[in-house]
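Residue numbers (this note's numbering), protein chains in the order written: chain A, 8 to 120; chain B, 181 to 289.
No wet-lab data here; the hints were simulated from the structure.
Keep in mind it's a predicted model, so treat the numbers as computed, not measured.
The reader is advised that the hints may include incorrect statements.
Label-pair restraints from in silico Cβ distances [unchecked claim]: (1) A:K29 - B:G196: 38 to 46 Å; (2) B:E195 - A:F76: 45 to 53 Å; (3) A:S86 - B:T258: 26 to 34 Å; (4) A:S72 - B:K251: 20 to 28 Å; (5) B:G221 - A:T25: 20 to 28 Å; (6) B:Q261 - A:I12: 28 to 36 Å; (7) B:V200 - A:P15: 24 to 32 Å; (8) B:L286 - A:G108: 24 to 32 Å; (9) A:V120 - B:L220: 33 to 41 Å; (10) A:D37 - B:R241: 12 to 20 Å.
Here a beta-carbon is modelled for each residue, glycine too, at the ideal position from N, C-alpha and C.
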Amino acid sequence: AAGVIQSPRHLIKEKRETATLKCYPIPRHDTVYWYQQGPGQDPQFLISFYEKMQSDKGSIPDRFSAQQFSDYHSELNMSSLELGDSALYFCASSPGRGSYGYTFGSGTRLTVV
Amino acid sequence: GENVEQHPSTLSVQEGDSAVIKCTYSDSASNYFPWYKQELGKRPQLIIDIRSNVGEKKDQRIAVTLNKTAKHFSLHITETQPEDSAVYFCAASTYALNFGKGTSLLVTP
Numbered sequence: 008a009a010g011v012i013q014s015p016r017h018l019i020k021e022k023r024e025t026a027t028l029k030c031y032p033i034p035r036h037d038t039v040y041w042y043q044q045g046p047g048q049d050p051q052f053l054i055s056f057y058e059k060m061q062s063d064k065g066s067i068p069d070r071f072s073a074q075q076f077s078d079y080h081s082e083l084n085m086s087s088l089e090l091g092d093s094a095l096y097f098c099a100s101s102p103g104r105g106s107y108g109y110t111f112g113s114g115t116r117l118t119v120v
Numbered sequence: 181g182e183n184v185e186q187h188p189s190t191l192s193v194q195e196g197d198s199a200v201i202k203c204t205y206s207d208s209a210s211n212y213f214p215w216y217k218q219e220l221g222k223r224p225q226l227i228i229d230i231r232s233n234v235g236e237k238k239d240q241r242i243a244v245t246l247n248k249t250a251k252h253f254s255l256h257i258t259e260t261q262p263e264d265s266a267v268y269f270c271a272a273s274t275y276a277l278n279f280g281k282g283t284s285l286l287v288t289p
């Protein structure tokens, strides 16, 4: 079965650079969620989209932005990167705005040096 | 917002014993309570979930109980095996998931 696809798998950036993470949800899933997980931490909800509109907002820094496109894929844009942004970034998708049938992608490991 | 507390933070059991992890939540509107197993550097994997209209659910060696009045839910793993060793997260949600801090479970042979 198709899963949630995230790219890239690994990314190394320098401080103050920008990064773009991509997420391709499971076909027919119209809701996408982004999570940030620091070392030894629980996943923290950043932002979600339903039918290409922002639906819920968590602890996303002002330096980050995200959107969902017409094909339902989503991109997380991160600017002015800081060392503390180093983390695993997970995308998840679900069929509809609600957490039933929630599936996580494999994540993008971002390292800021 | 929702606040999920999870205990214990670490748990060590002998192979074959049972393991119990407990979580409490604060938002009475939360209606979905999944449990995830996560290995180092990997994605969280759903192991069992329960909805607010159900009090208990079982899947082979894994069971979850929910007490909506007390706002707590628990994960029970019976006949533990070394491959059960991982970090386990509970979560509560209406839409986005709010995770507990995790329990590092170690099953020793």
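Going through the hints against the structure:
1. A:K29 - B:G196: 38 to 46 Å: Cβ of A:K29 to Cβ of B:G196: about 44 Å, so the range 38 to 46 Å holds.
2. B:E195 - A:F76: 45 to 53 Å: holds (48 Å)
3. A:S86 - B:T258: 26 to 34 Å: Since the Cβ atoms of A:S86 and B:T258 sit about 49 Å apart, the hinted range of 26 to 34 Å is violated.
4. A:S72 - B:K251: 20 to 28 Å: violated (34 Å)
5. B:G221 - A:T25: 20 to 28 Å: The hint (20 to 28 Å, Cβ to Cβ) holds, given that B:G221 and A:T25 are roughly 24 Å apart.
6. B:Q261 - A:I12: 28 to 36 Å: holds (31 Å)
7. B:V200 - A:P15: 24 to 32 Å: violated (39 Å)
8. B:L286 - A:G108: 24 to 32 Å: At 31 Å between Cβs, range holds.
9. A:V120 - B:L220: 33 to 41 Å: violated (21 Å)
10. A:D37 - B:R241: 12 to 20 Å: Cβ of A:D37 to Cβ of B:R241: about 34 Å, so the range 12 to 20 Å is violated.
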